[in-house]
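The hints should help you fit chains B, C and D onto chain A, whose structure is shown.
There are 4 protein chains.
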Amino acid sequence: MIETAPGWLTRDELELARARMPILYVEAVPVRVDDTGAVTSVGLLLRIAPDGTVNRMLVSGRVLLQERVRDALLRHLEKDLGPVALPRIPASLQPFTVAEYFPTQGVTPYHDPRQHAVALAYIVPVAGDCRPRQDALDLVWFSPQEAASPLVQQEMSGGQGVVLKQALAHVGCLT
Amino acid sequence: MIETAPGWLTRDELELARARMPILYVEAVPVRVDDTGAVTSVGLLLRIAPDGTVNRMLVSGRVLLQERVRDALLRHLEKDLGPVALPRIPASLQPFTVAEYFPTQGVTPYHDPRQHAVALAYIVPVAGDCRPRQDALDLVWFSPQEAASPLVQQEMSGGQGVVLKQALAHVGCLT
Amino acid sequence: MIETAPGWLTRDELELARARMPILYVEAVPVRVDDTGAVTSVGLLLRIAPDGTVNRMLVSGRVLLQERVRDALLRHLEKDLGPVALPRIPASLQPFTVAEYFPTQGVTPYHDPRQHAVALAYIVPVAGDCRPRQDALDLVWFSPQEAASPLVQQEMSGGQGVVLKQALAHVGCLT
Amino acid sequence: MIETAPGWLTRDELELARARMPILYVEAVPVRVDDTGAVTSVGLLLRIAPDGTVNRMLVSGRVLLQERVRDALLRHLEKDLGPVALPRIPASLQPFTVAEYFPTQGVTPYHDPRQHAVALAYIVPVAGDCRPRQDALDLVWFSPQEAASPLVQQEMSGGQGVVLKQALAHVGCLT
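Residue numbers (the working numbering), protein chains in the order written: chain A, -5 to 169; chain B, -5 to 169; chain C, -5 to 169; chain D, -5 to 169.
Derived by calculation from the structure, the hints in this document are not laboratory data.
Do not take every clue at face value.
In silico EDC-like cross-links for lysine to aspartate or glutamate, where the CA-CA straight-line distance does not exceed 20 angstroms [to be verified]:
1) A:K73 <-> B:D28
2) C:K73 <-> D:D29
3) B:K73 <-> A:D28
4) D:K73 <-> C:D123
5) C:K73 <-> D:D28
Quantities reported herein were computed from a predicted structural model and do not represent experimental measurements.
Next up, chain A with everything else stripped away, as it sits in the complex (with noise of 0.2 angstroms):
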C-alpha cells in the first residue's frame, strides 16, 4: 500500500527526514482523575515483545505536516486508547515538559536510536472506556505511587519513565 494523504511519508522518506532535522512529536500520560482534578491513576500501555520482554509505553507520535498539535494528539490517543476514550485534550499547549530524545545516548535523559525527536509531553485525563486497538498494545492502570516505583520504571524504556516521573511531579503525585 502506498501512502498519498499529505503528510504521510512512505519509509525512505521518513528515513531522509530523520537524517537532516529533529522530528516533532506529542506525548501523553493518561490519567484518570476524581472530581477535583486529582489525578487517581495513570494508564500505561503495554506491549510484549517476542522475546517475552515487558514494555511499558506512553501514548506517543508524530506531528504530521499540516497537522495542528491538538489534532495529534487526539488521533494517537484514538489510535491507542479506542474511539471510546474520551480523552480531554489540555485547553492550553503550553507542555509540562519537552522531551528531546536524541540517538546518542547521555545527551539528555531521551533516548531514541532511530532518530532525534522533540515530544511535547502532555497529561491527558481520560473518562470513557479504553480499548486499544492495535493487537500488540494493552492498556494497564496503575497508581501514580506505582508508576514511579522502580518495578513500572525499568520496564520503560528510552527514558519515557523520565517523563512520567515529570508528569507524576507536575501533578503533585510523586512523594
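Just chains B, C and D now, with coordinates in the frame of chain A:
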C-alpha cells in the same frame, strides 16, 4: 446566623485578617472546549448593580482554612455555576498566572479596595449545564474574540479583565 | 559555499523537508528585567525592507539535527543580539506557548507562507549589550505598553505580534 | 522589640491568623546554571539542630501584607543567601508548583504542624556569592543527582523534599 464551621470567619474576623496579611484566592475562567480541547467560548458572570451598571466577573473566591486549592475551586465553581456544570478542574495546580490584587491602585494591574488578595488563576472547561444559583448572577458565554473586546473588558473591574486576557493568551485565543 | 556540517541542509534539502513535515523552531522574546525579575522593556529586531516597510521580529530560528533546544536558543540569540548580550536561557524548557505557523492562513493565529513551523516560545532576560551582527537588523527596546500597542503590533507579521502579546500576558505586563 | 512595620505581625497576631486562614508563602529552589540555562547544581540550606540532627531546607517564607510576591521572593533570598547572591527572580510569576502544607498529615504530600500554608514555588538561578547571614544556617551545593538521592531527601522534612524533586523534574534533571 453564626458561622461555626472551621475555616469560616465572622465579618469581624475577616476584617481583622484582611488588615494583617494577604488573603489567598482562587480564580477560574470557565470555558467551553471542542473535542481537541480548543476553547470555543468563555463564560462570564453578570451582575447588574442597583444603578443599572453592568459588571462581568470571573468565578472567584477565598481558600478556607484546611481547604485544598482544588476543593476551593470546585466549591466556588459549584456556587457560581450550579451543581450540574461538570467543571473539569485541571490535573495540575500550576496556575496560568498569579494575580495580586492590591488595595492601593497601580502597584500591579489588579486592584481590590477591600484587601490584598493573591489569586491563583485557572482555566476550567465546563461540560454541563450552567445554572447560576445566586439571584444577582447570570452566566453569559462569549466567543474568545468578544471576551477580549474593549466592550466586555470595560465591563470588568479590578483587573479581572487583565486576568481574562491572560487566560485567552494562555490558550492561544488572544489575537 | 557548501554547508557540510551535520544538521545544516542545502537549500534543496530544506525545501524537500519543508514539503514533508513540520519544522521545529525556537522563538525568544528578549527582555530587560529589574532586580525583582519584573520586565521593564522588550527587545524587538528591526528590518527595513527595500521598499521601506518596517518589520519588527522576535528572535527566531530552526533547531538543527542533534542540537538541544537550549543550544538552538543560545545560537539564535547570539546570532541576532551579538556575543555579549548575556542571555539568561530559562532553567526549564517548559515554553510559555507553542506557536504553530501554518502555510495556510486561518488554521491558527500564526502564518508562515514558506512552511509548517512549530515554535517553542521563551522569554529570555538579557543582561549585557545587544549588538545585532546581521547588517539588516537592529534591536529596539520598547516598554511593555508600547510593545502591545497597535502601532508596534502592525509592524509585526505572521502572528509574531500574537506571540509577543502572549509573552506580555505571561509576565503580567499586558493591561 | 515590637514589630511596628505594616505587614509584620506580633507572635500573638500570627497565631491568631494561623488559626483562621491559609498563610501565603513563597518557596525558592536556588540553582546554579550554565550558559545554556541548564541546572548544574542545587543549593540547600543546612541547619544543625541542638540534638545534632541535620535538616536541609529550601528558601521559604511568608508574603507580607502589601508585599508583592516578587519582593517577598527577593527578601527571603537575601535573608537566607546574603546580599551578593544575585538571584534571578523569574520574569513570570507562574510557579512550577503550588505546595499546600497542611497541619494534618496525609491530606497532601506537604505538612507543617504550625499552620496551613500555601507556597508558590520557583526555581531561582543565583549568579553571585552566597553567604548565609543567619547563624544557624549554611548553604551547600549538590548535583541534581545528589539532591534527588534518598540521603538528601531524608534530611528534608515536611515535604520540602517533594518540592525539590518537583523542581528537578521541571528542569529535566530528575532521572
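Status of the hints after comparison with the structure:
1. About 19 angstroms separates the Cα atoms of K73 (chain A) and D28 (chain B), which keeps this hinted pair within 20 angstroms; it holds.
2. A threshold of 20 angstroms between alpha carbons decides the hint, and for K73 (chain C) with D29 (chain D) the separation of about 15 angstroms falls inside it, so the pair holds.
3. This hinted pair checks out: K73 (chain B) and D28 (chain A) have alpha carbons roughly 19 angstroms apart, not beyond 20 angstroms.
4. At roughly 31 angstroms between alpha-carbon atoms, K73 (chain D) and D123 (chain C) are farther apart than 20 angstroms, so this suggested pair is violated.
5. Straight-line distance between C-alpha atoms of K73 (chain C) and D28 (chain D) comes to about 19 angstroms, which keeps the hinted pair within the 20 angstroms bound.
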